[in-house]
Amino acid sequence: MTGDRLVNVSERWFRLLQRLYPPDFRDDMGDAVVETYRDRARDELRRGGILRLSLLWIRALVDSLRNGPGERARPAISWRRGGNWGRDVEVATRRLLRARTFALVTIGTLTIGLGMVAVVYTFVYKILLEPMPYRDSSDLYYVWRDYGSIVDLKRAQLAGPDLAELRKNTAVIEEVAAMQQFLGGIFALKEGGDPTEIAVTNVTPSFFTLLDVHPLLGRVFAPNETGRGKPNLIVLTHGLWNRIGADPTIVGGQVRLQGNAYTVIGVLPPTFSFVRDEAAGSSKRIEAFVTFGFDLDTQRPDQSMVSVLIRARHGASPQAVASAVDAAGRTVDARDFNNRGLRLYPVAIKTDVVARARPALLVLAAAGALLALMLTVNLASVLLARAAQREHEFAVYRALGASDRTVMRATLFEGGLLGLAGGASGALLAIWATRALVALTPLDLPRRDGIAVDWTIGGVMIVLGATLGLLAALVPAMWATRTALSSLLASSAVRGGGGHGRMRRGMIVTQVALSLVLLSSGGLVVRGVERLIRADPGFQAEGVLTFRVRSPPEFFPKPADLVGFQDRVERTLAEIPGVTGVSATSALPLTASAAPMTISFPGAPGNTGSPEHDTPLVDMIGTRASYVKVMGMRIIAGRAFDPVRVDGRQEALIDRQLAAQFFPNGDPIGAKIPLGRRGFRTATDYTYQPADAYTIVGVVDQARQYDVHQDGRPQLYIRTEDWGFRPLSFVVRSAQDPESLILQARAALKKIEPRVAMGDVRTMEQIVGDLLRQQRTSAAVIAALAIGALLLAAMGLFGVVSSSVTRRKHEIAVRLALGADHRRVLRLVLGEGALMVAIGVLIGVPGVYAAGRLIRGLLVGISPLDPVALAAAAIGLGLVTMAACYVPAKRVLGIDPAQSLRQE
Amino acid sequence: MDRNRRAIDDHLPLRPVEFHILLSLAAGERHGYGIIQDIQERGDAPVPDVGTMYRALARMAEARLIEAAARRAAPDADDERRNYYRITEAGRQVAMAEARRLEMLTRAARLGGLLSKGAKS
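Residue numbers (my numbering), protein chains in the order written: chain B, 1 to 904; chain F, 905 to 1025.
Hint data in this document are derived by calculation from the structure and do not stem from the laboratory.
Mixed in with the good hints, there may be bad ones.
Here are some of the chain F residues that sit facing chain B, going by a computed Cβ distance under 8 Å [said to hold, decoys possible]:
hint	residue
1	H915
2	F923
3	G936
4	I940
5	R946
6	A949
7	D953
8	V954
9	Y958
10	R959
11	A962
12	N987
Backbone N, C-alpha and C define an ideal beta-carbon position, used for all residues, glycine too.
Excised from the complex, chain B in its bound form:
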């Protein structure tokens, strides 16, 4: 064998050994390694013949066996093995950096769009999805009474004895806790100290074990510390403790509540917060807890008086809990209601707390999802346009042997990177935007305190951005792989055009359709809110200051004391300069605070003999004499209360609904209503008079209790003096800004009675505004999303028309040269855009209908097919999209055929 042949055989051996190395190392270094071995083999052969050469063979084998697998195991580069991803990222980044305007505009669009999506997601996640901050919160349920056919109350509180029934089923229910309907209290650090009104509620000791709260200082209630005759104990929340000076030695000390001494036994940790969500009214953050001063078991079974929380045994299914609660309810129904159909039912605590915000949030979530979809389509069309510009480049790549996957990867990376950057900056924007929006939301929005962008949400947004980018890049990536070499040759003649143009126009049509859906929904919601704002709630809100004055029985034990105090407050307030009227009520309008009870109209012509019809559940509202006049309520028939009350003559006002129901043809004035211990009554701390006949003196329009735009339960007004209502909310009307009266009112109250405090000071206009805040906020968010969508569609349209003008410049020049005038050509280009808009609108119409049905729950007083809102949406869309077409289309006016054709 000649030397050269031996060297060549060796080379084959060395090359074979290279298989032991990973492919990328082989690509980079393989040839050099083989060459070096070959050089060495030549030397060895020269020096020692075949023997030394064969030693080198063995040595090369050992070398490769060691280093090949060693190189394969090297982790730092193994990520590259699947393909050259690292280089792809680098190339994509570099390409984006070069097209800086494109990158900035795209990322900017994504930032704003994804920012909006992030804000919506934050609200939805924090309110609807995130677990409540209690241990195993999915095991917690509220329990409510449904009175069925007994009386029209579907979500009423439980009676005291119901608790014992629930406690019996220990197999499913681990713990039962009760709290009384929100109870305000006048709090002072010491006797004669400055009084403030706090939100305090009485709870069973099991409340804290059920929620698994451990006090920061001191202790919570022991099981035997509740009930009649037990000492007055109070547990403070961290917030209240801070407000009164954060004194750690307060534990064991005494404070005053309603004038009585209470011993502070503990302070709760700052992380604990409990918001009582009222059945219909506003939720209140509880600031202090006391125990019940009476035994719940001995309370009347027909008196709804406590909200009940239960903790199910861990692992008990919701169905098991529901049937356990239902069984307890059947026992109660049989024992106390003669099987007339009372039911008990559980509602998971989170479901219960968020129930009011849920419909609006679901609509927002849907709008957010639509916007995300629009962003994807928009990005896809932008990327497609960009890919089309690079058609030539792709064709060359492929001609040079780049695989489909390489070309796809390049486009996918571009989309992914853009999405990633947009998601990250969108999340940053959302931090600020969420903060701003939370400030706009109503204070009683469920779980409002926790609403902020956190790391999880930021992470989700970045992932969402990247996914969206990849999805968007999929279309252009697929298209790019199809570009064939032929386009290289064809492009100079046809100038792009081709398949991507149709795809892009399809995307524009989709965007127009989607934005029409969002715009119409936004229009409907905004118009609904506008209706609400203009609605007549049955009173005149302007110029009225309201505040609550607590007058606890501890300070005013006798009815005469109470009425005397209330008289004095009214008189003194009336003396404030500028005040034109003062009155008071037990239940301010739009606060859902009236006491529901059943009444009857014996002998009224409208009676039918059916008890459900003849004993309606009404809102019982106590007012002082001049309330109707001060509030600006409307009297339909008869008169308001006599300014001077005559003992033994009890006057009543009924609303239009009751008058129509019971006195369809006749005159209700003078008819009698017996009010007393008959029938069903909810928990109140009123002092009852024996059954008395109240005489109807007038019929009024409702000063609405629940919604500004529609009547609630029928209303019955009586004088506060006749029932001893307390506390009262005073209403002070003046010609000047009502807020300017606060200080004087406070001073006047302090002069009359230093032990009481003003609570819940708001102008009537604020009360109206607070009620509408949730609707206003959601309308603002939906409107913003809709406008964002419209702008996206306009941008897309702008891009398509603009590139169409560029592409067709030659054709247009020819047309001009052949005698078409500029206006005609402009119409031609505009027509192309208009056609896309028209098709988009046509496709969007069923979506508009579907979306209208979806948001029906949010629309008050308008139909989901409201012509004004829908027409406004369509016209707005038309104007903006046509402007987006016109601006780039105008360029055809500047085309000079001679010059343009000469350039060819």
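Please arrange chain F on chain B, whose structure you already have, making use of the hints.
Chain F only, in chain B's frame:
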């Protein structure tokens, strides 16, 4: 300056094969077999396997201690074309730092009596 220092120190200590590669390249551009021949000529150290050396070359090129020079004909290998490497400024500094480090260790060994004074290290 300080950051520079730290960047250099990050590479220390060098493996013998890496030091030898830098040493060879410090004298001028070399192809792979040229480096091995240099090591053989220096005599004392065991000659590294070709695979070991190329893995080191790949790593050092990634760390920008060396870089690939143009592929060209090699006069010592029948004028066949070979991949040449050259040392970078960073590589030179790392090699110098390593040499200083070894010198200090040697001096310490000598002072500590591990090596006889004046003996060849």
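Hint check:
no., hint, verdict
1, H915, "violated (15 Å)"
2, F923, "violated (18 Å)"
3, G936, "holds (4 Å)"
4, I940, "holds (7 Å)"
5, R946, "violated (17 Å)"
6, A949, "violated (16 Å)"
7, D953, "holds (4 Å)"
8, V954, "holds (5 Å)"
9, Y958, "holds (5 Å)"
10, R959, "holds (6 Å)"
11, A962, "holds (6 Å)"
12, N987, "holds (5 Å)"
The structure fails hints 1, 2, 5 and 6 (numbered hints given earlier, in ascending order).
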